[in-house]
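Enquirer: Please build the complex by placing chain B on the supplied structure of chain A, with the hints as guidance.
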Amino acid sequence: MKFTLQTSTDQPYEAYAYTGGKAFDATKPTLVFIHGVLNDHSVWILQSRYLAHHGFNVLAVDLPGHCRSGGDAPSTVEEASQFIQDLLDAAGIEKAALVGHSWGSLIALETAARLKDRITHLALVGTAFPMKVSPALIDASLNAPMKALHMVNVFSRSTLAAPPSALGPGTWVYGASMALGRRVLASNTSVNVFHRGFVACDSYANGLAAMDAVTCPILFLLGATDQMTTPKAAKPLIEQAKAGGKTYSVVNVPMGHHQMSESPEETLQALTAFLGMTV
Amino acid sequence: MPGYTDPSFDTLALHAGAAPDPTTGARAVPIHLTTSFVFESSDHAAALFNLERAGHVYSRISNPTNAVLEQRVAALEGGIGAISTASGQAALHLTIATLMGAGSHIVASTALYGGSHNLLHYTLSRFGIETTFVKPDDIDGWRAAVRPNTKLFFGETVGNPGLDVLDIPTISAIAHDAGVPLLVDSTLTSPYLIKPFELGADLVYHSATKFLSGHGTVIGGIVVDGGSFDWEKSGKFPELTQHYEGFHNMVFSEESTIGAFLLRARREGLRDFGACLSPHSAWLILQGIETLPLRMERHMANTEKVVQFLASHPMVSRVGHPLIESHPSHALAEKLLRFGARGAGSVFSFDLKGSRAQGVAFIEALKLFSHLANVGDCRSLVIHPASTTHFRMSDEALAGAGIGPGTIRLSIGLEDPADLIDDLKRALKAAEKAGDAATRQAPQA
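For the record, the sequence lines run as chains A and B. Residue numbering for the first sequence follows numbering that gives the first Met the number 0, starting at 0 and increasing by one per position. Residue numbering for the second sequence follows numbering that gives the first Met the number 0, starting at 0 and increasing by one per position.
Next comes chain B alone, as it looks inside the complex:
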């Protein structure tokens, strides 16, 4: 694309990383369902293995369809490159396993997806990696949690499901003072709503299962490197700055001044752990990304209407969306997110007035909202976090993540918002009736 062009987000969402197939002329991205790629010669083979030439060898390491996805998400995030993975959790694990080993320490937000909390709190501690959890708005807490062996700061752009907005400029500055990068999970915001690299984050990952693919059809993840963190200057990452016998004795930071993380993550992490993404899944995610800007606009518009409805309903005691001025992250959302508080995403929680049984009645009365464990679908979704996604967390940890026993999480889809509000009205009525019935059945004093 010669010319004085600087394509916008919407254009990159359709074109970044992809060109008409030079062999067939296919305009859409082909799905390269092949495990392996033929070498031109023995010398070509050796050169590919030794990173003397760039190309594809084996689809666990790279694949042309996946490479389009990786370029596209890197372009949308403003990064230098990306690695697609089997899931968002695989992207998180790949990132951590690339940067550290036993004896290392992470400082993480308390407001995390339950699976991420579980990985850090339970699973990684079994492998000698400890995590200190800090409330996302406890700035002094982040600073105080740093240890000599700290290797990473980690948080979500907006916490799941309380939508606590991470103060990326402040937290990243603390991380950088400590000589460590800030990793951000931007799943709930997607690159359309926030650009973490522009705010100071160093690494960004997504569960592509959610808004990137957007249709509830595929599991996938992707990690993007902003190329900003100076691993050598930090001095805390021998994995990237010293000879690695496991790959040609390479010093990754010498090979690439800016891309050491991606080099090692692909050549070690994907190779050895093997959590690669299927090319078919990559293609499905690409289909979703092509309409990401359109979908995110509708997600935001629908969410705004639903939030307004719930905030004025007598059965609702709290709506946890920064659109509400009393939300603790309202001001930060206005400051950091591309569309202000309106752009804090379409996954949020609210608290029903009443008992746990009324919560159950509410969920079971919904017709359009699907009760399941996912977010970011084009269809509207609902779940009870305390008994599902976050069930392994203690009450204390739940409270830290802004989740109460009666908290309901919604993921607002792309349906007509009037229909969604009708569905919620009906379910709230059912919850109210369940409360009335419970009162009638209660023993008389």
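Chain A with its partners taken away, still in its complex shape:
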């Protein structure tokens, strides 16, 4: 469904969020799914659809300037966080759990830090801080985006034999991720959302301070063979959570950076356990 968002600086725009095949219902506990660079809501289809049919009010967003959402594509994690806040306000949602993947995990972290008690759970999937992107990849995302897309998907892949995934059995996850990247890139003809997203990841500096400000339980859901955001790269955030006395858990899924599509069942189980459910 679409929400009209008012901003202080720009014209109102419509933001899209997938509701998991169920009608939007703000009386239920709300779960917001936030995708990563050059992705959209559809990377969460299995997990978001399941949770929407198991008691949650799901909003799997397309970030502004991505696919079905209007508005200007965020240039920073902070701008993207403001979008999540604006969305919750526009939807009349008082409290929500946040689930973010990759860049989306930083957006979720920053939002949880800003909104404090409005956020009930924070799930960081394939996260890292700092989330540095190599200069070569940033450059390629701008000047040779198809080459960069190929690099990203090779790095993200951990198996040639994924289990049944988002499109059902017979899904070739690598090809699906390549195609989605091409589609998302083409969805915005005025801004290279690939490059802008990578720069936003690379330049985000508030991760540790944000972790200090988080008040809710935190899940670190990591891919054991993730080469984009390695488990090692998540350690600074985990250590910060530990040092700050946060309630947190770490789950390592034996997959790469395509956790939701290459390991959909394990990802779902980790999320439901974190949310206090059993699958």
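In short, the hints are calculated from the structure, not lab data. Warning: the hint list may mix true and false statements.
DSS-like, lysine-lysine: derived pairs with alpha carbons at most 25 Å apart [stated by the list, open to error]:
1) 94(A) to 131(A)
2) 334(B) to 146(A)
3) 232(B) to 1(A)
Just so it is clear, the structure is predicted and the values come from calculations on it, not from any experiment.
Expert: Just chain B now, kept in the frame of chain A:
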């Protein structure tokens, strides 16, 4: 497979979609001959039916062995996923039935397999779907054939049996301007010889009976989605972009930005029409794919030698392979196919000089070439299209497909090419003798 790896075609042909069985350690792909799969719980069952969780329910819809085949072919084609079907014709029908209903229109190449032509021209018209046929090289004709209700462009990578190479970049651009996808039958080329998605096609299907399985043992088909076509932007496919009451009121394009076609084709088409592939057949096709690169290399090498032999034989008036520079698709083959004109496949036709009776004598004299209705076998095959595979077509339609009354179609196999040429020599001699005998028996003027 962690690491900075980007497996090549040959590696994907062996490994894509398959890993050692986690339960038994079996290295080869197991054949899952089971109709159904046990649910873990009632909630698991409901979640599988509602596409909240991915898995297998019933083998008409999906099966683990078939899923390996589907992933593998999707990987080789560069697609997002695939659906295996009972035959190539089932794949074509599934694709069309997923995208349109009565009142729709298709623009198709004239150079099609006879069964495909029959489906479009006769059978689908009975269900309210009309087709306009256009010569594959008639670019203006493709553009002019578009109607407001056109839903699909369709052609073969290389037409059967004239080997007219489809100008996929140009035809797909016209299709996309019209807001419709281009479906390509890549049976004769296999993913080894051409990558239609890289050239602009949106959907690709194969009769897996042919080169993919490669041994003449199994009937099967598969359709692959490249994930490139934007169904919502087109606005012509409510089947994919609006609520479907037949499946949880789902909007397939909302569920998957790139995979709406596959979602609906599996959840409606396989479920309702039921043209699924047997897991045993899927396994046989997988066995074939494992050696596809090796076989295609040999197919090409043998074909090149046979084409050269036939082109220089006095009993042959025409060899219809793009290897011949005068072939109308020679230049396009050089441009679009992975190995140039050499890679235009091993199924081609030639015209015998002489009468229909001499053609019969030729076919009946062959010993290594088997006279039957198939192509893409490891064994060499021969047939007379006008009286068999294309017999329902009118003379005009035959001409449009590049087939004459004396056209002979060969499918070059993997035998020693010297033996194949010996066999052809003997048969050509027999045809020549049949002509001499006919001349002697003719009434004197």
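Enquirer: Can you confirm whether the C-alpha distance between residue 94(A) and residue 131(A) stays at or below 25 Å?
Expert: violated (31 Å)
Enquirer: CA of residue 232(B) to CA of residue 1(A), is that 25 Å or under?
Expert: holds (17 Å)
Enquirer: Against the 25 Å threshold, does the CA-CA distance of residue 334(B) and residue 146(A) hold or violate the hint?
Expert: Status holds; Cα separation ~23 Å.
In terms of the numbered hints stated before, the structure departs from hint 1 and from no other.
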